[in-house]
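K.L.:
Using the sequences plus the hints, can you model the full thing?
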Amino acid sequence: MSYSARMLGKEHDLTAQEMNRVLVKLGILKGEPGNYVLTEKGLEYGIETYHNRGSGATSEYSHWVISYDESIKDILDITPELKQEVRREVIEHNKRKRQEREDATKEYYENRNSSEIEDNDLSGNLLSGIASFIFSVISAFFEGLFKKRKKR
Numbered sequence: 001m002s003y004s005a006r007m008l009g010k011e012h013d014l015t016a017q018e019m020n021r022v023l024v025k026l027g028i029l030k031g032e033p034g035n036y037v038l039t040e041k042g043l044e045y046g047i048e049t050y051h052n053r054g055s056g057a058t059s060e061y062s063h064w065v066i067s068y069d070e071s072i073k074d075i076l077d078i079t080p081e082l083k084q085e086v087r088r089e090v091i092e093h094n095k096r097k098r099q100e101r102e103d104a105t106k107e108y109y110e111n112r113n114s115s116e117i118e119d120n121d122l123s124g125n126l127l128s129g130i131a132s133f134i135f136s137v138i139s140a141f142f143e144g145l146f147k148k149r150k151k152r
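For the sequence shown, position 98 (counting from the first letter as 1) is numbered 98 according to our numbering, and the numbering increases by one without interruption.
The reader is advised that the hints may include incorrect statements.
Beta-carbon label-pair distances, calculated as ranges [said to hold, decoys possible]:
hint	residue 1	residue 2	range
1	110	71	51 to 59 Å
2	61	15	16 to 24 Å
3	34	111	22 to 30 Å
Straight-line distance between alpha carbons at most 30 Å, and here's what the computed DSSO-like set of lysine-lysine pairs gives [to be verified]:
hint	residue 1	residue 2
4	41	25
5	30	41
6	73	30
7	97	10
8	10	83
9	25	10
10	106	95
11	97	30
12	73	10
13	10	95
14	10	41
15	95	30
16	10	30
17	83	73
18	25	73
19	83	25
20	25	97
21	83	97
22	25	95
23	41	83
24	73	41
25	95	83
26	83	30
Bear in mind the hints are in silico, worked out from the structure with no lab data behind them.
C-beta: ideal position from N, C-alpha, C; glycine also.
P.N.:
Structural data, given as structure tokens:
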């Protein structure tokens with residue numbers, strides 16, 4: 001039977017994220033959340049499999065899945081201190097990611113709003129320029145009429 005990080009974590013009262021952090025600390029995995037790969041040591045216990053869902057007619061979703069064989073359980077030495085440490089790391093990582101998303105959202109709306117203001121300024125300037133042009137044409141027309149009348 002093969003095991004995922006979620007399945008291994010469940011046996012130790014850990015989430016998949018926390019279990020992946022344990023596996024990083026034990027030298028089984030390397031990388032960052034969402035982008036882990038097996039180390040040389042990890043290749044003794046696991047396998048990476050590519051999954052691709054979708055076809056040309058549907059949206060495509062592909063990802064790598066890491067699964068472990070039964071023998072990995074023999075090397076999992078998960079102490080209460082290790083659990084506490086990885087839980088803190090996962091919480092900090094999630095806080096950092098959440099803050100990055102909030103900052104990106106804030107920046108997006110600030111840029112969007114300033115762009116709208118610039119667009120409004122441009123359209124206001126354009127309307128002002130058109131109005132000024134129309135006023136000049138009308139003024140010139142009436143000025144011409146007035147001069148013609150004066151000559152008579």
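K.L.:
Hint by hint, which ones does this structure get wrong, listed from lowest number up?
P.N.:
none
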